[in-house]
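K.L.:
Okay, here's what each chain looks like letter by letter:
There are 2 protein chains.
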Amino acid sequence: MKNMFNYHMPAKLYVGAGISGEVEKYIKGDSVFIISDPFLYSNGAAKKIGESLKGKKVTYFSDIEPNPTCESVDAAAKEARAVKADCVIGLGGGSALDVSKIVSCLTTNEGSIYDYYAGGTRVLGKRETTLMCIPTTAGTGSEVTNVGVYTNKKAGIKMPMVNDEFWADYAVIDCELTYTLPKGVTASTGMDAFCHAIEAYWNKEANPICDMLAMRAMKLVLDNVRTAYSEPDNVRARSNMMEASLLAGIAFSQTRTTGIHALSFPLTTEFHASHGVACAVTLPAFIKISTEEEAGKMQLLAAYLGFGTVKELAEGVERLMRDIQLPTKLGEIGVKESDLEHITEVGLSAAIIQLTPAKMDSETIFNLLKSIL
Amino acid sequence: MKNMFNYHMPAKLYVGAGISGEVEKYIKGDSVFIISDPFLYSNGAAKKIGESLKGKKVTYFSDIEPNPTCESVDAAAKEARAVKADCVIGLGGGSALDVSKIVSCLTTNEGSIYDYYAGGTRVLGKRETTLMCIPTTAGTGSEVTNVGVYTNKKAGIKMPMVNDEFWADYAVIDCELTYTLPKGVTASTGMDAFCHAIEAYWNKEANPICDMLAMRAMKLVLDNVRTAYSEPDNVRARSNMMEASLLAGIAFSQTRTTGIHALSFPLTTEFHASHGVACAVTLPAFIKISTEEEAGKMQLLAAYLGFGTVKELAEGVERLMRDIQLPTKLGEIGVKESDLEHITEVGLSAAIIQLTPAKMDSETIFNLLKSIL
Chain A
1 MKNMFNYHMP AKLYVGAGIS GEVEKYIKGD SVFIISDPFL YSNGAAKKIG
51 ESLKGKKVTY FSDIEPNPTC ESVDAAAKEA RAVKADCVIG LGGGSALDVS
101 KIVSCLTTNE GSIYDYYAGG TRVLGKRETT LMCIPTTAGT GSEVTNVGVY
151 TNKKAGIKMP MVNDEFWADY AVIDCELTYT LPKGVTASTG MDAFCHAIEA
201 YWNKEANPIC DMLAMRAMKL VLDNVRTAYS EPDNVRARSN MMEASLLAGI
251 AFSQTRTTGI HALSFPLTTE FHASHGVACA VTLPAFIKIS TEEEAGKMQL
301 LAAYLGFGTV KELAEGVERL MRDIQLPTKL GEIGVKESDL EHITEVGLSA
351 AIIQLTPAKM DSETIFNLLK SIL
Chain B
1 MKNMFNYHMP AKLYVGAGIS GEVEKYIKGD SVFIISDPFL YSNGAAKKIG
51 ESLKGKKVTY FSDIEPNPTC ESVDAAAKEA RAVKADCVIG LGGGSALDVS
101 KIVSCLTTNE GSIYDYYAGG TRVLGKRETT LMCIPTTAGT GSEVTNVGVY
151 TNKKAGIKMP MVNDEFWADY AVIDCELTYT LPKGVTASTG MDAFCHAIEA
201 YWNKEANPIC DMLAMRAMKL VLDNVRTAYS EPDNVRARSN MMEASLLAGI
251 AFSQTRTTGI HALSFPLTTE FHASHGVACA VTLPAFIKIS TEEEAGKMQL
301 LAAYLGFGTV KELAEGVERL MRDIQLPTKL GEIGVKESDL EHITEVGLSA
351 AIIQLTPAKM DSETIFNLLK SIL
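Chains as they are written, first to last, in our numbering: chain A, 1 to 373; chain B, 1 to 373.
Since the hints were made in silico from the structure, they are not lab data.
One or more of the hints may lead you astray.
For identical chains, the list gives no copy identity; a pair is met inside one copy or between any two copies.
List time: in silico DSS-like cross-link candidates among lysine-lysine, alpha-carbon distance up to 30 angstroms [unchecked claim]: (1) Lys12 x Lys204; (2) Lys12 x Lys126; (3) Lys204 x Lys25; (4) Lys154 x Lys48; (5) Lys359 x Lys370; (6) Lys12 x Lys219; (7) Lys25 x Lys12; (8) Lys183 x Lys56; (9) Lys311 x Lys12; (10) Lys25 x Lys288; (11) Lys359 x Lys297; (12) Lys288 x Lys84; (13) Lys126 x Lys56; (14) Lys297 x Lys219; (15) Lys297 x Lys126; (16) Lys183 x Lys219; (17) Lys28 x Lys126; (18) Lys84 x Lys219; (19) Lys288 x Lys219; (20) Lys78 x Lys370; (21) Lys183 x Lys25; (22) Lys56 x Lys25.
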């Protein structure tokens, strides 16, 4: 007997330019708690959504850092409980969405995030507060995953928490929210989406549903990220990038990621590269070795994306990264040869690295990193 | 503002050869009510699943006809209530799955299906009984839709009921259950899956997620239905057909269907064609006119499926239908020229017909039907 695959992605998706201003109809209850990045509070984006919720009591929380800490989560949960939030809206990049997931649970689950995570012994009960995720970057796909990543400052680690209560009730995908993204964020988050897609596609846990969504996501990134980068208010490019991020998010929500993400963890926490940069920098090198176990499938992908060979796909992706000013060498983000052994070790400690379609051991990873130093 | 698309398909999918014998782990509660077609009870398939549920009290119900009536539904609901079913399992083709959907709701909603449907004024409350759908044909996709179709014998009509409580908690896709399908059923249900996919793809409510799933579903049917037809226990062909049906089901669960299904209704109820036959017979003719509003998208599809033009795709599908002994002319299922006006009228009365990518009026439909008389 062979269990070919499982699939479960229960979020209700609403996709369209401008629809984040029309979410009132999905919200039951009176008290809405909007969690956003500080920038989205100061630029008025969070308030614009809050003000569209006629007759609701809206509370804003924006004390969120880029790699959100458990302390931020607990502070947000305290406020959400105080206002008896019926609905938690996460508005932002990955950080705000990740915080909204756990906070929407903590409104009716007592205690701290530490009680449920990273050695905590309590189990989250059924979420009773509505959770709506509204992404403002086209990259993380966090709106369609059941994962939140939180930083335990005391222990100095960043750890994912996976929980079925983290599936959003509503994922609202509005490309208008990305028009004001800085160029560098457009580039790095766009390549993060590409990594999600390709890591779902070549994943040892790949499945046909995710394969198809991932293929389309990669094509959309290749065809649109340059334009989104150079023409920030090009509606078609922004809309296509948002779609790419969504489809890639659904894909990797089922398969998880692989070596690219595993190695991104030390590059983010220790070298302070943004998540997308930390992922993209090893992407071309991983494409090259993916043929070790998935030659046929990768050749099909290369052809679908308009390349003759997998090597040409890797080169095309590297060219694209240069065009949108992303580093393609580890040296560009401050990594020295003497760091490679440590990065290898930390990367290998992430279980997802074994979902890569190539033998993942110290030697392979060290050599891969050295090839792009 | 443009709402590009919505998407929601919350069922948990478990896909694999033989996994219908391993469902015990998903079932909470003690009382399981298995609804199956009579054939699946007499051949032992229902009992095999029931007997795998160690320590559960299992009740079987198999008094289900091909186009299930409201009376059958009420009879099943009465028994399910009597045994206080915690879980309803639907095992079968479309009929048994459709009955299981409404029965799983009626266990904790009082009254008859007539109270909630076809003029009934009550609204189904939240379903409290677990619903598991296990398809035994590769075609209907009913396991991943929120639709049930029931026949009101008194009024002489067959009507779909759409309800979010009809999404299965678990859809268990086990191709081993299709090895014993008669050839004619393999052929007709396989083409039903193709129709679901193409009707989702060219649909006015099409969306990118469904497009990708539909494309793969169509390719799988074209590549596998001949083998599944001629070699009933070819595992690869059966598994691929099951996957096709699943992906096509997800696709049309979001978009609904179009003219092919609209015209199938009178062909089923009045000319007693099976559902798949009634759909497939107009499929090549509809492919030909789909270019009226979707020329570019249909050309892309033809290329993806290995055809030079949309016309060649239509011809290829017709050839395939002949190879698997399906009628390609209305005359073969007993339709006479004098029937065409009535079929046109009934087809046009179905709202879904207006989701077809061509002008749908009496003249067009009459001519389409006449072209395949």
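K.L.:
Each hint needs a verdict: does it hold in this structure or not?
P.N.:
Evaluated hints:
Taking CA atoms no more than 30 angstroms apart as the test, Lys12 paired with Lys204 passes in both settings, with 27 angstroms inside one copy and 20 angstroms between copies. Both within a single protomer and between protomers do Lys12 and Lys126 lie at most 30 angstroms apart by alpha-carbon distance, with minima of 18 angstroms and 17 angstroms respectively. In this homomeric assembly, Lys204 and Lys25 come within 30 angstroms of each other (Cα to Cα) only across copies, at 24 angstroms, whereas the closest approach inside a single copy is 40 angstroms. In the homo-oligomer, the alpha carbons of Lys154 and Lys48 never lie at most 30 angstroms apart, since the shortest distance is 36 angstroms inside one protomer and 54 angstroms across protomers.
In this homomeric assembly, Lys359 and Lys370 come within 30 angstroms of each other (Cα to Cα) only inside a single copy, at 17 angstroms, whereas the closest approach across copies is 61 angstroms. Proximity of Lys12 and Lys219 under a CA criterion of 30 angstroms is satisfied in both settings, with 24 angstroms inside one chain copy and 28 angstroms between copies. Taking the shortest alpha-carbon separations for Lys25 and Lys12, both the intra-copy value of 13 angstroms and the inter-copy value of 27 angstroms come in at or below 30 angstroms. Taking the shortest Cα distances, Lys183 and Lys56 never come within 30 angstroms of each other, neither inside one copy (35 angstroms) nor across copies (59 angstroms).
When the C-alpha separation of Lys311 and Lys12 is checked against a cutoff of 30 angstroms, the pair qualifies neither within a copy, at 38 angstroms, nor between copies, at 37 angstroms. In this assembly of identical chains, Lys25 and Lys288 lie within 30 angstroms of each other by CA distance neither inside one copy nor across copies; the values are 48 angstroms within and 41 angstroms between. In the homo-oligomer, the alpha carbons of Lys359 and Lys297 lie at most 30 angstroms apart inside one protomer (17 angstroms), although the nearest pairing across protomers, at 40 angstroms, exceeds that limit. Taking the shortest alpha-carbon separations for Lys288 and Lys84, neither the intra-copy value of 52 angstroms nor the inter-copy value of 58 angstroms comes in at or below 30 angstroms.
Taking identical chains as interchangeable, the C-alpha atoms of Lys126 and Lys56 lie at most 30 angstroms apart whether they share a chain (24 angstroms) or sit on different chains (25 angstroms). Taking CA atoms no more than 30 angstroms apart as the test, Lys297 paired with Lys219 passes in both settings, with 16 angstroms inside one copy and 16 angstroms between copies. With identical chains, the CA atoms of Lys297 and Lys126 are never at most 30 angstroms apart, being 39 angstroms at best within one copy and 43 angstroms at best between copies. Taking CA atoms no more than 30 angstroms apart as the test, Lys183 paired with Lys219 passes inside one copy only; the shortest distance there is 20 angstroms, against 39 angstroms between copies.
With identical chains, the CA atoms of Lys28 and Lys126 are at most 30 angstroms apart both within one copy (17 angstroms) and between copies (16 angstroms). Neither within a single protomer nor between protomers do Lys84 and Lys219 lie at most 30 angstroms apart by alpha-carbon distance, with minima of 44 angstroms and 51 angstroms respectively. Taking the closest pair of Cα atoms, Lys288 and Lys219 come within 30 angstroms of each other both inside a single copy (18 angstroms) and across two copies (28 angstroms). In the homo-oligomer, the alpha carbons of Lys78 and Lys370 never lie at most 30 angstroms apart, since the shortest distance is 46 angstroms inside one protomer and 70 angstroms across protomers.
Taking the closest pair of Cα atoms, Lys183 and Lys25 never come within 30 angstroms of each other, the shortest separation being 33 angstroms inside a single copy and 49 angstroms across copies. In this assembly of identical chains, Lys56 and Lys25 lie within 30 angstroms of each other by CA distance solely inside one copy; the values are 12 angstroms within and 42 angstroms between copies.
Taken one by one, the earlier hints fail for this structure at numbers 4, 8, 9, 10, 12, 15, 18, 20 and 21, listed in ascending order.
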